[in-house]
Amino acid sequence: MDFIAAHDLDEALAAKAHQPDAQLLAGGTDLMVEVNLAHHRPERVLSLRRVEELRELSTDRIGAGVTWARLERNGHRGLAQAARTVGSPQIRAAGTIGGNVATASPAGDGLPWIIAAEASIEVRSKERGTRTIPWNEFFVGVKRTSLASDEIITAVVVPEDVPAAQEFAKVGARNAMVISTVCCVVIRGDDGFRVALGSVATTPMRVTRAEEMINAESAISDAALDEFARIVSEEVRPITDHRSTEAYRRHASGVLARRLVERSLR
Amino acid sequence: MNITITVNGEERALDVTGHESLLSVLRNDLELPGTKDACEQGECGSCTVVFDGEAVCSCLVMAADADGSSVTTVEGVASDGHLHPVQEAMLAEGAVQCGFCTPGFVVAGSHLLESNPHPSEMELKEALSGNICRCTGYGAILRAFDTVTGEGS
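Protein sequence lines correspond, in order, to chains W and C.
Number 122 in numbering that gives the first Met the number 0 belongs to position 123 of the first sequence; there are no gaps in the numbering.
Number 35 in numbering that gives the first Met the number 0 belongs to position 36 of the second sequence; there are no gaps in the numbering.
Everything labelled a hint here was simulated from the structure, so no lab data went into it.
Incorrect hints may have been included.
Claimed, not checked - Label-pair ranges, simulated between beta-carbon atoms:
1) W:76 / C:13: 39 to 47 angstroms
2) W:42 / C:10: 25 to 33 angstroms
3) W:163 / C:119: 24 to 32 angstroms
4) C:0 / W:242: 37 to 45 angstroms
5) C:5 / W:60: 32 to 40 angstroms
6) W:60 / C:96: 46 to 54 angstroms
Keep in mind it's a predicted model, so treat the numbers as computed, not measured.
No residue lacks a Cβ here, since even glycine has one placed at the ideal position from N, Cα and C.
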């Protein structure tokens with residue numbers, strides 16, 4: 000195995016341009032599971048752990064190397080709530096938001112917040128410089144993204160006007176250290192509710208039909224919430240797998256989305 | 000590749016050849032078997048070490064990436080021949096059944112107490128939530144920590 004430890008972003012970008020097949024390594028919480036259990040043996044590994052530029056964190060820009068532990072304490076409300084449910088303290092001390100975005104698992108706990116906040120993914124390559132990819136163009140399939148092979152994710156860029164009313168919740172088999180069966184984010188702004196879910200489709204998804212329905216209501220009645228939950232359950236596109244059935248995921252999606260809308264109004 | 004890691008205050012040089020984890024080199028190359036190898040997927044916490052100031056699962060750290068780092072294992076928690084108060088308390092409370100999870104609890108718990116000597120019950124449970132005791136001996140483990148943090152009777 001070739002191992003490259005980049006010390007700054009320029010060095011990392013040069014290495015990735017030179018060897019686009021290099022497997023990027025940040026917190027290791029996804030990659031090393033593949034190495035240990037699935038006998039994944041990447042020939043080249045490029046470590047980003049020492050790249051200071053990727054660890055910068057501000058309200059409108061979350062460096063790709065920012066760990067869950069930091070987001071738990073200093074993130075936007077909904078993202079901090081999501082961060083707190085990722086793995087265990089040991090995982091949150093190592094795992095990064097950039098890794099969550101790059102792995103693009105349908106169950107990635109940070110991803111529904113990104114699409115509800117309508118954030119962008121900032122990526123960079125040595126040849127073409129920086130590209131800022133909108134939230135609805137980055138995730139293209141199960142663990143597939145629009146990142147090019149010579150690019151590195153540098154940050155999640157958050158719109159300045161992201162509303163403060165944000166709620167996250169997830170359902171899993173137990174409370175601590177669990178992978179989502181369904182996770183959901185609701186952000187409430189002046190333009191209405193934005194509702195995003197994870198683990199219910201090949202990518203994190205917005206339930207736009209349900210959003211349109213609830214945002215057309217002048218007052219949020221119980222009947223309206225029932226109808227909203229019903230549309231959410233209908234609109235999600237889950238599958239049955241080892242973690243849950245399709246039917247349960249549909250049910251839980253409606254329950255969670257409704258609960259978070261109610262919570263965001265308190 | 001040749002790497003250098005400061006383990007329990009001592010600089011150790013070794014050669015890593017492949018994709019092995021920090022856990023693997025601690026146990027097999029550096030002959031520090033206190034750190035336990037169980038799930039190898041970051042679920043159980045039995046391999047917890049302090050890596051550059053953070054308690055992490057050593058099974059998820061690629062050894063090559065640990066070059067230049069500083070690591071504390073359970074073997075480095077006691078100092079000058081004296082057990083750490085967490086270790087003393089776990090002995091006194093009988094907080095050990097099969098013992099496989101114990102090193103992970105000792106490392107995660109003593110690491111918490113360094114930054115937060117008097118954690119609330121919630122903070123303590125949260126800090127230990129990444130460590131699984133398959134004997135389900137959590138009651139005695141929490142009682143042991145309570146005697147260290149001053150919560151115990």
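**Report entry** Ascending list of hint numbers which this structure does not respect
**Finding:** Of the numbered hints, all hold.
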